[in-house]
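The whole structure should be built from the sequences, with the hints applied where relevant.
Which chain is which? The protein sequence lines are C and D, in order. Quick note, the first sequence lines up with residues 1 to 326 if you use our numbering. Quick note, the second sequence lines up with residues 1 to 326 if you use our numbering.
What the hints contain is simulated information worked out from the structure, not anything from laboratory work. Remember, it's a predicted structure, so these values are computed and weren't measured experimentally. There are no misleading hints in this set.
When chains are identical, the list treats them as one kind, so a pair holds in a single copy or across two.
Taking lysine-lysine pairs in the DSSO-like style, the calculated list, with each CA pair at most 30 Å apart, reads:
hint, residue 1, residue 2
1, Lys141, Lys307
2, Lys17, Lys141
3, Lys141, Lys60
4, Lys311, Lys176
5, Lys251, Lys179
6, Lys60, Lys307
There are 2 protein chains.
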Amino acid sequence: MKTTTIADIASALGVSKASVSRAITGNGRISQQTRARILNYMDERNFRPNVIAQSLANLKTYNIAFTVPGRQEFGEIPFFQKCLIGVCEKALENGYDILVVTVDGDDISHMRRVVENGKVDGVVLSRNVDGDGMIGYLQSKGIPFVLVGTAGKPDVVQVDGDHTAACMEITSLFTKAGKIGLIGGNQRHAVNQNRYRGFRQAAGQSAPVVWDAVDYHSVVGAFEALRAEGARAVCCMDDIICTHALSYLSKMNINIPRDVEMVSFYSSWLLDTHSPPIPSLYFDVREQGAVACDLLLRTMAGEPVPKRTLKGHELLHCASVPGGCV
Amino acid sequence: MKTTTIADIASALGVSKASVSRAITGNGRISQQTRARILNYMDERNFRPNVIAQSLANLKTYNIAFTVPGRQEFGEIPFFQKCLIGVCEKALENGYDILVVTVDGDDISHMRRVVENGKVDGVVLSRNVDGDGMIGYLQSKGIPFVLVGTAGKPDVVQVDGDHTAACMEITSLFTKAGKIGLIGGNQRHAVNQNRYRGFRQAAGQSAPVVWDAVDYHSVVGAFEALRAEGARAVCCMDDIICTHALSYLSKMNINIPRDVEMVSFYSSWLLDTHSPPIPSLYFDVREQGAVACDLLLRTMAGEPVPKRTLKGHELLHCASVPGGCV
DNA sequence: CTGAAAGCGCTTACAG
DNA sequence: CTGAAAGCGCTTACAG
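See below:
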């Protein structure tokens, strides 16, 4: 079926294409009357202007790129889904759509293609890995972008939970219980560095830490190492690590809290229903995505925006903290 | 900075825009020599044609829509991420990008907008919920689409795991153990209906089933109801249900396999590391996404494709099946 | 307030 | 094989 264009509706109404366009965009001078008549007619026919043509005329795409890790690093956590939804919600509200761009390790070729093909007006980065050239590339292209997460560079607009403060807060609840250890994840991830920092601030320089626990076996190894150093409480850097650890505890009949205290720096429905529930930190990732997208849109509109936005957290399952929370 | 166009490179090389275009697309007659010269020059300058302009000229967008549920139904499983990655991989290979479209309950307005604005050439639907008007809408618009999942309508191109066969297979491993019960999820989901069917085929008409266990408490209620009916083995329709159940068992000190056998119709890294590991079904969702996208691309190219593609599954943790697997 | 015309960057018949 | 021209569907100065 032939698609109808503004030319069709113009001739049907006996006006010019220009007037139709003005009715649609609201730009330029046009009488309320003819505008209403045109809009009304379009509504009846359920006409929608072709966005591609608008894009070409305006040199804007009404698309925003959102990065997700490629197949290797995807993981089993729904982080990216949640963030994506937040970004999507805000984008759709403003007439923008989200284009997904996969990033495999340090390979940013997909982003290059999308940017250089002129398919997006801006980008939302999720979870920055230090060392890939993404940020430098986007800056060199002068394309607006916002990061959900943390980057060392202070000139990058970023939105994140305050992991350092949150981890310090939850860790400090256990400092009187005895020695505390930390099972850390991938050391390259910026977010893990922030969590580590919070842990150190509360637990002190001598508290034992094991990095790069990325699967069941390395978690078990880390846990045993910490126990060997006399840890009374074990902090897990995220919910996956914690779940692995809990599954090991259950297998070995190690009791919480009698034999060890467990803490997680990241919540999960799994930890909520564990018995006993594990104290953990909750961040609203969907909200962070929405805020990031909002900042991006405002940047694209030329408004000034704060460089660093830190969203709050919640402390879950205080009841499981010996002595309770403050 | 002024963006460079094919006109720029044409004049720089002393040829016409038409030749440059022919060099890019490979369409039309052009000598190997000038083609190579043009391509070479473009490479050096790292020139990429503006896709938006190509879209308008070709009346193609090189975009594919991928649906995800909006914030209410998102859930804690990474299903959509995984599927999305598969779709993305295949799309990118073929020069297409993925546009994310959220669907909230029965509200398909976002899809309408994207389609009627002419922003996509085709769509990949994930997880169909019977009753929303999505399929009917897309058919009425005549836009090509493929479903990852199952729909009742035989004229829809669909890709899915063979849940019915898989659930029948795993259920039948427990039929001699005694009475089997099933904890079901949302009854409206097509995939759940398929799983139910497989369960029925293996367990028989009299086996007890409880539907709509959607959170910890309803799962516990369902579990107790089945036990009250004398179930020796309990099948969980997915990994979330199963994890909730396991967490209840652990709390109540109910032992596997002494007190009850547990089975899950959907795998998860959580079940893998549970002690003992829970027999479960594994489907490669990323692959399903890739296959769906491939079928869509072929449909758009006018090739005939099979209406229904059923991908295989794996049976995980047979060792936990009493008597082992066949 | 309204229309005719040029332009966004590319493609593709149509003539050479 | 190559170029000049028209066209994809919309927008926006520029004149009325």
